[in-house]
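Work out the full structure, taking the sequences as your base and the hints as a guide.
Listed here are the chains, written in short residue letters.
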Amino acid sequence: GESVGLHLPTLSVQEGDNSIINCAYSNSASDYFIWYKQESGKGPQFIIDIRSNMDKRQGQRVTVLLNKTVKHLSLQIAATQPGDSAVYFCAENIGQAGTALIFGKGTTLSVSS
Amino acid sequence: KAGVTQTPRYLIKTRGQQVTLSCSPISGHRSVSWYQQTPGQGLQFLFEYFSETQRNKGNFPGRFSGRQFSNSRSEMNVSTLELGDSALYLCASSDLADQETQYFGPGTRLLVL
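Each protein sequence line maps, in turn, to chains A and B. Just so you know, the first sequence maps onto residues 862 to 974 in this note's numbering. Just so you know, the second sequence maps onto residues 1290 to 1402 in this note's numbering.
Read the hints as simulated data drawn from the structure, not as lab findings. Be a bit skeptical, because a hint or two may be false.
Below, simulated DSSO-like cross-link-like pairs (lysine-lysine); rule was C-alpha separation at most 27 angstroms, straight line [unchecked claim]:
(1) LYS903/A <-> LYS1346/B
(2) LYS1346/B <-> LYS932/A
(3) LYS917/A <-> LYS966/A
(4) LYS903/A <-> LYS929/A
Rough simulated footprint, nothing fancy, chain A against chain B, three-plus residues with beta-carbon under 8 angstroms [unchecked claim]:
(5) 1309-1319
(6) 1329-1342
(7) 1392-1399
A few chain A positions that, by computed beta-carbon distances, are all more than 12 angstroms from chain B [stated by the list, open to error]:
(8) LEU869
(9) THR871
(10) LEU872
(11) ASP878
(12) ASP892
(13) GLN919
(14) GLN921
(15) THR930
(16) HIS933
(17) SER935
(18) GLY944
(19) ASP945
(20) SER946
(21) GLN957
(22) ILE963
(23) SER974
C-beta atoms are modelled at their ideal positions from N, C-alpha and C, and glycine is treated no differently.
What follows is the structure in structure tokens.
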């Protein structure tokens, strides 16, 4: 699979590869993080979330890793498919009560078959 | 359940005018948030409403305001429009049991001429 150590605006992979998208967050007090996928012309779509008391959480073909020491979040997509092509955003909740999401810059994932 | 709906989907206004955008949350959801998405600034949090009260607020000027009705539907108003207000305005809702997980609507694309 292909991974990025720092945030890059684009990531190109072959179908079937594993993809890793990285994200740095800003607030060490944030305790909730979330990944969204946004396709052209649509609103962001929920992928997976994680709380600060966890280091890893798995979903269907996706895994989120949280490293609180360096304030780093990553999204791993297994067996990437052409339908995974989209812009991926990480977000942290800085709301004192309720939700105020601060979004990262986004990574455009392109999957070629 | 039907998803978050936003009206209108597209809007063209001229500088100095005002605009009102509408959002209907997922049935049963009581928290509604608004975000602005532009190519330059990315996704930025505007405000969050819960039970008709503003609970969180982002760093936007007072020209941007919102409200929430007793049925949880929300409106966002922008007065004295500027060219820089051209953006995709996204609404998201969440339910009481999991308030931090927000589900987004398709957005209203506003063009200010």
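Practice problem: List in ascending order the numbers of the hints, as given earlier, that are violated by the structure. | Solution: 4, 5, 12, 21 and 22
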